[in-house]
Amino acid sequence: MTLATQARPSPETAVRGRYGRFMTALLRGTIRLDTAIHRIYPTDYNPLYYTGGLANLFLLILVLSGLFLFFYYEASLGGAFESVRYITEGVPYGGIIRGIHRYAADAFIVAVLLHLFRNWFTDRYLFSRDNPWISGMFLLVFGGFVGLTGYQLIWDERAQVLTGLFLGMLRAVPAVGEPLARIFIGGAGVSNSTLVRVLFLHVAPASTLYVLLWWHYLRLRHPKIWPPATWVLFSVGLVFLLAGIIPARGETPATPGGRPTGFPMDVFFLLPFWLLNWFAPLFVVALLTVLVVLGFAIPYIGRREHPEAMSVRHAGVAQVIDGNCTGCELCYYDCPYNAIIMVPSPAPGLSRAAANRTLLAVVLESRCVECGICVGACPFEALELPAFLERDVRQAVAEAVRA
Amino acid sequence: MRSRAVLGVVLLSALALLFALGIVYGEATDRWFFGGALVGALLLAYSFIVLLLRKMGILGPRKAER
Chain A
653 MTLATQARPS PETAVRGRYG RFMTALLRGT IRLDTAIHRI YPTDYNPLYY
703 TGGLANLFLL ILVLSGLFLF FYYEASLGGA FESVRYITEG VPYGGIIRGI
753 HRYAADAFIV AVLLHLFRNW FTDRYLFSRD NPWISGMFLL VFGGFVGLTG
803 YQLIWDERAQ VLTGLFLGML RAVPAVGEPL ARIFIGGAGV SNSTLVRVLF
853 LHVAPASTLY VLLWWHYLRL RHPKIWPPAT WVLFSVGLVF LLAGIIPARG
903 ETPATPGGRP TGFPMDVFFL LPFWLLNWFA PLFVVALLTV LVVLGFAIPY
953 IGRREHPEAM SVRHAGVAQV IDGNCTGCEL CYYDCPYNAI IMVPSPAPGL
1003 SRAAANRTLL AVVLESRCVE CGICVGACPF EALELPAFLE RDVRQAVAEA
1053 VRA
Chain B
23 MRSRAVLGVV LLSALALLFA LGIVYGEATD RWFFGGALVG ALLLAYSFIV
73 LLLRKMGILG PRKAER
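One line per chain: the protein sequences are A and B, in this order.
According to this note's numbering, the stretch in the first sequence is residues 653 to 1055, in order.
According to this note's numbering, the stretch in the second sequence is residues 23 to 88, in order.
Okay, chain B solo, but in the shape it has when bound (with noise of 0.2 Å):
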């Protein structure tokens, strides 16, 4: 379950690299929605990254619900 997870962790990083790279280039052509829709992207592979590394422990549960 680790392993899997960590490897979805370092997928999704490269998957970020990528959108980033995205970003600059539409900032870069001014193609403002594609840009905006890769910001979109890279902060939704973002929210998977976090849901892993809380699957895997490194992140806990709030201080409230401890």
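For reference, chain A alone in the conformation it holds in the complex (with noise of 0.2 Å):
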């Protein structure tokens, strides 16, 4: 029995060479900077294998923290900027809030670029893994626009720069632009009801983010949703102690008709913005549409993903074998894709082991990969997969040791 078939070498296959070898050096260098982290920390303490936890924990320090800050914001043209200073100044404690705030969004965004870089370097985002990384993609759009939403609510100078180069670049897209401009600002200029409109596309795609990270966990078995206690401990500390050195004060606030030309650059949300400075709106936003929709296609545009180009064969569904299912779990444990449910079971199973069973393994086809690990779960010879049965892998082994 031969499980792989050798294609015949193509102008294509040297182009995905070229890209593998690309990204094999990258998967080198992630396992290097391993290597590396585990002299320093214990393998379970690695802060790279916990880059998703760490982004969910400063998701959570920034809904905990805004919840606070949303108590004393004023969403006005002539109130936001002074509720804010209120905050910083006059609220115990409030500026140390609002730095942490500042720097969760920071340290969010770093995360989520890492939990990116990390996965898309480690193949992570092959077959099944393209949902978690749609899913994560749509969080990183979200999230930066929450970031940018973020600074306009402050309503200093750099808002009002910000506000209006960001209505410049969305004037510059052809036939949506302008109303979606009238749509974001509530009419023809800036007003009182921009602030409110602000606030609400910085709160309701920050709830969505949370909407995302279920998708995002919707088909993983195990996942590291939260660092180990050292690194919770770091973390927290670390924006405590940024929002108290560095206080997040000192903006001049925005005059009514003014023009500043110039703010302070924050590479982490505003990075687009400082394009501007070379480069016409439109140029910008279409950069942006292709970067994004580039991210999107990364699971689908890398040619070795196909399992034929891995010399992967297809193994077909796996199958519960009904009379040997005991309804132990071991399987829906198991399982790395939650394709596997227990349900009651409607009748006692036909082996000894199985006569007494109350539950009964059912596999969700739509999510099932076709991977086996539940087949080597199960020690009861209860799960099968049907173009690749034990008795054939069986039969493969022995006739390989033969020769």
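Watch out, some of these pointers could steer you wrong.
[To be verified] Computed from the model, here is a short list of chain A residues facing chain B with C-beta under 7 Å:
no.	residue
1	694
2	725
3	742
4	889
5	892
[Stated by the list, open to error] Residues of chain A placed beyond 12 Å of chain B at every Cβ, according to the derived structure:
no.	residue
6	671
7	743
8	749
9	752
10	841
11	885
12	926
13	931
14	981
15	984
16	997
17	1021
By construction, these hints were calculated from the structure, which means they are not laboratory data.
Glycine is no exception: its CB is placed at the ideal position from the N, C-alpha and C atoms.
Make one complex out of these two single chains by using the hints.
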């Protein structure tokens, strides 16, 4: 029995080869980095294993500190800056909470980008993992937008310039740009209703992040949603310390009709606006669109992820052999893709071990990736891959040993 | 290795006590940024104590990773 077929080399294979070699080099670099970190930290404390969990932690910090700020914030052109100043200087520890909100936002984006690059370099977007990849890209885009509206809410000079630049980019979009700009600011020009909309566009997408997280985890059996205690303490401590020693304050309030020309740059959220120094708004919008589309397309553009290209045989969706299933749940716990559920058993099994079962394993076809992990998990021979039967594997191994 | 880790825990604990006193001082004198920064420093010290305890084997890996 052969498990692989040799494909004839083609020009496409050469391109795939260069891409493959590049990705392999990045994979090796990631593994070397892990090895270096393990000299300092135990393997279960490697922070790069918990980039997703760290992003989750920073998101929770953002939500909690944001709730505090929300109680004091006034969404109007005249009151926004003063309310932020009152939070910073008048409310006990308000300046600390504001600083925590600001530094946790930066840390969230850093953690998300590290998470993205690590999963990209280690091929964790292939096959059924395109689902977390796509939801992760949505999380990044939404997170970036929430960060932008966060800068606008302060309504200082930087917010005024940013709003002007953002409206310029929106209006540069052909056909729909002008209506989008009107929707964003709530009329022909900036008014009190603008900040109400910006506040909504800050809070609503931030809430949506949790819906996207649910989607992100949907098909992962054991997602690391929380970092170990040492990294929780370190991360929370770091944002507190930064908020205390480099307070987020000292902006100049926006003035009606004012035309400030510069603002303090923040590379985490405002990088696209920096490009406007050299390029037309339409070009920057097109560049961002291309980058986002390429990000979404990563699981599909690398040709090597096709099973045929990787010499992987289709094994067929896992099948439960009803008579042998004891309802022990081992397959349910081991399936990394949440593709097995346990249902009340309608009747006893046929084997002695299955005679008194109360549960029965059921495979969800839409989620099964034909990996065979459940077959290995089951000690009762109650699961099979139809095109890759256990007896065939045993026969192939026996033939290989004889040869 | 173990004695160095124990020494590290003791030093960090002493440092953490200082930070805690600083937090009380910051609160008593309405120096909120000072107090807030020391809360951060205290948590950082705790994080390194937990790391040293893990390296000493007193804290184990999480149940899922055993």
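Exercise for the section: Verify that the Cβ of residue 743 of chain A lies farther than 12 Å from every Cβ atom of chain B, and report whether the claim holds or is violated. Expected result: About 9 Å separates residue 743 of chain A from the closest Cβ of chain B, which leaves it inside 12 Å; violated.
Handout entry: Exclusion check [residue 984 of chain A not at the chain B interface, CB over 12 Å]
Key = 16 Å, holds
Problem - Hint status (Cβ of residue 889 of chain A to nearest Cβ of chain B, threshold 7 Å) - result: Cβ of residue 889 of chain A sits 3 Å from chain B, so the hint holds.
Handout entry: 12 Å cut-off, C-beta based - residue 841 of chain A kept clear of every residue in chain B
Key = Non-interface label stands for residue 841 of chain A: nearest chain B Cβ at 38 Å, farther than 12 Å.
Exercise for the section: Could you check that no beta carbon of chain B comes within 12 Å of the beta carbon of residue 749 of chain A? Expected result: 8 Å, violated
Practice task
Double-check residue 725 of chain A for me: the hint is only fine if its C-beta lies closer than 7 Å to a C-beta in chain B.
Solution key: Residue 725 of chain A check fails; min Cβ-Cβ to chain B is 19 Å, beyond 7 Å.
Exercise for the section: Decide, holds or violated, for the assertion that all CB atoms of chain B are farther than 12 Å from the CB of residue 997 of chain A. Expected result: 28 Å, holds
Practice task
Hey, is residue 885 of chain A genuinely clear of chain B, shortest beta carbon separation above 12 Å?
Solution key: 4 Å, violated
Practice task
With 12 Å as the threshold, tell me whether residue 752 of chain A passes as away from chain B on beta-carbon distances.
Solution key: Violated, because the least Cβ-Cβ distance between residue 752 of chain A and chain B comes to about 8 Å, which does not exceed 12 Å.
Practice task
Taking the shortest Cβ-to-Cβ distance between residue 981 of chain A and chain B, state whether it exceeds 12 Å.
Solution key: The claim stands: residue 981 of chain A keeps its Cβ more than 12 Å from every Cβ of chain B (closest is about 16 Å).
Practice task
Determine whether the non-interface label on residue 1021 of chain A survives the test: each CB of chain B must be over 12 Å from its CB.
Solution key: 22 Å, holds
Problem - Reported absence of residue 931 of chain A from the contact zone with chain B (all CB gaps over 12 Å) - result: The claim holds: residue 931 of chain A sits with its nearest Cβ about 39 Å from chain B, beyond 12 Å.
Comparing the model with each numbered hint stated earlier shows that hints 2, 3, 7, 8, 9 and 11 do not hold.
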